[in-house]
Structure formats: structure tokens, C-alpha cells
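The chain contents come next:
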Amino acid sequence: MPEVKKREVSDSVQEFGRHVVAEVQKMISEGYKRSTIHTITACPENARFESQTEKENILLLMRAHPITNLWWILLASVLFAVPFFWGEFPLVAAIEPGVKLALILTWYLILAFFVFQNFLLWFYNVYIVTDERIIDVDFFGLLYKNVNATQIRKIEDVNYSQRGVLSGFFDYGNVVIETASAQKSDDTPMERSAFTYDNVPRPDRVVRVITELMEQEEQEEYEGRTR
Amino acid sequence: MELITGIHIDISLIIGILIKVLLVIVCFVSLLTVKQASVMDKVVNIPIGGWFKGFSWIFFMVVVFVSLLIILVL
Numbered sequence: 002m003p004e005v006k007k008r009e010v011s012d013s014v015q016e017f018g019r020h021v022v023a024e025v026q027k028m029i030s031e032g033y034k035r036s037t038i039h040t041i042t043a044c045p046e047n048a049r050f051e052s053q054t055e056k057e058n059i060l061l062l063m064r065a066h067p068i069t070n071l072w073w074i075l076l077a078s079v080l081f082a083v084p085f086f087w088g089e090f091p092l093v094a095a096i097e098p099g100v101k102l103a104l105i106l107t108w109y110l111i112l113a114f115f116v117f118q119n120f121l122l123w124f125y126n127v128y129i130v131t132d133e134r135i136i137d138v139d140f141f142g143l144l145y146k147n148v149n150a151t152q153i154r155k156i157e158d159v160n161y162s163q164r165g166v167l168s169g170f171f172d173y174g175n176v177v178i179e180t181a182s183a184q185k186s187d188d189t190p191m192e193r194s195a196f197t198y199d200n201v202p203r204p205d206r207v208v209r210v211i212t213e214l215m216e217q218e219e220q221e222e223y224e225g226r227t228r
Numbered sequence: 002m003e004l005i006t007g008i009h010i011d012i013s014l015i016i017g018i019l020i021k022v023l024l025v026i027v028c029f030v031s032l033l034t035v036k037q038a039s040v041m042d043k044v045v046n047i048p049i050g051g052w053f054k055g056f057s058w059i060f061f062m063v064v065v066f067v068s069l070l071i072i073l074v075l
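In order, the protein sequences belong to chains A and B.
Count along the first sequence starting at 1, add 1, and that's the number in my numbering.
Count along the second sequence starting at 1, add 1, and that's the number in my numbering.
Just so you know, the hints here were simulated from the structure itself, not pulled from any lab data.
Idealized CB from N, CA, C, for every residue including glycine.
It cannot be assumed that every hint is accurate.
[As the list claims (entries may be wrong)] From the structure, some residues in chain B lie toward chain A, with a derived Cβ separation under 8 Å:
hint	residue
1	Val30
2	Gln37
3	Val44
4	Val45
Working from the sequences, and respecting the hints, build out all of it.
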């Protein structure tokens, strides 16, 4: 392991104490500890969330794989090109030049809004694993948010699924975390767990981190060290 | 087409009115985006979040400026 990476790992372990599980240390050594704009970050620097407690440390910060944005990027690209061709339609050709210019400006403003909105929703729909809890932050549309959080010790089962060609090719999938109590959430149907990390990159490693945290929690409970 | 005496309705007039209504709506939703970016940054505080908040304000200003320009000129 290069010297810089070794130092980065030991810095993180010192910073977060013994709660940095082996898999997270491995991820840091592999270069996952980068800025928070990446889709999966181990021990992100200067990142916090609303209900974070003083002693709580973020181990993983994730968001959906960038490829899941493909649909709206393609749609925006098509919509961007539409004004270049709409002059061919007789109805648009009959519009006065001043109104046509206003129409083009309005079109691009709405398009910019669409792109910015989708980007924000992707960027801030994050999944967080701390040394004590798991958090699922979901934003929908303009003014609706849904934040689910539960203690690691309440997790009963964790698994992941990868469906489709894209998820296999780009290595992303859904991580489903089942908790002891039936989680009810506005954004998920009854049969689905409230803690579903949708389309996260490297779901196998996420599952490994959560499993190690569960084991660590069990060990602490056994030794009577629960925080 | 002269449906009301003295008022000549054509496609440009209809599209012009539609554009003005749309711009008012876009102004409103871009203001909501400013609020939304602020709420998102509060829920998940990431260093780059401040930049997005600033961008949402710039976007709102641009929308208001373009809307006023179009509404007054058209």
C-alpha cells in the first residue's frame, strides 16, 4: 500500500476511533475517500446531516450511480435541439419574430430548470451509513422530503440485488435493509423496506460494511459497551 | 381573426399570452427551487452545497430578469 494511502487510512481510524470497520478502511485505501461529489465516499470530510449527533461519524455517503441520470440527460439533449427544427412547422413559422424569440428563451429557461431540478434531486437523495445508524434521505419534487433512520442494532437482514444489463455493466444495485420493526414510510409501498438504497454503486461492498457494523454492534452489546 | 371588435386575435397574440403565463409559473417554481436548495443543504450539509444555493439564486434572478424583459416588451 503506498505511503500516502497508509497515512490516509490511519488518519481516518484515528479520527473516528475503532468504529471504522475493516471494509471501510479497505475502501479508503482503495481511494474511496474523496470529495463528497462522488457517488460513494468512505469517511467523507466536512459532510454532516441534519440529525447527526456529536459522537456519530459518517462511514459511507452514497447516492445513485450517475448512469441512472441517463434518461433525463438524453431527454434534455433532445429538447435542447427542438428549437432548431420547429421552424419547419407552419404554425411556428407563422409566429412573429419577437414572439418566436420569447418562445425560444422561455423554452430554454424551462429546460434549464428541468436539468437543475433533476441534478439537485440526484445529488441530494443520499444514503448514509454511520457508526451507529443508517439513514435514507429522499427528496421528491420541489417540496417533499422523507428521511428514514434506524439504529444498526435494529437491522435484521441486509441484501442486495442487481437487475438488468446496465446495473451489471456499471456495477450498481439496490441494497435492501430489513429492520426488526415494520418500517412505514411515505415513499415506499408496504411490502418494501423503508431502507432501500436504490441504485448505489458497489452494493456488495455496502452490504459488507453494514454486516461488519452489525457484527461490531453485537460484539459491543455482548461486552456491554453499547453507546 | 377579429372575434371582438377592435381586437385582432392571431397566433402570435395567443402564444405571447401563453409565454407570459408560463414565465410567471417558472418564476414561482424557481423561487421554490431556492428554498428547496436551502432545505436540501440543511438536511445534508456537503461543502459544495453552498455553491448550489448560490446557483439557485442566480437562476432565479435570471428567470425574473428574462420574464420582466419579455412581459414588458412583448
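Hint by hint, here is what the structure shows:
A cut of 8 Å between beta carbons decides the hint on B:Val30: the least distance to chain A is about 7 Å, and the hint holds. Here the hint on B:Gln37 is kept, as its CB sits about 5 Å from the closest CB of chain A, short of 8 Å. Hint status for B:Val44 relative to chain A: holds, with the closest Cβ pair at about 5 Å, below 8 Å. Annotation: B:Val45 was flagged as interfacial toward chain A, and the flag holds, the nearest CB pair being 5 Å apart, inside 8 Å.
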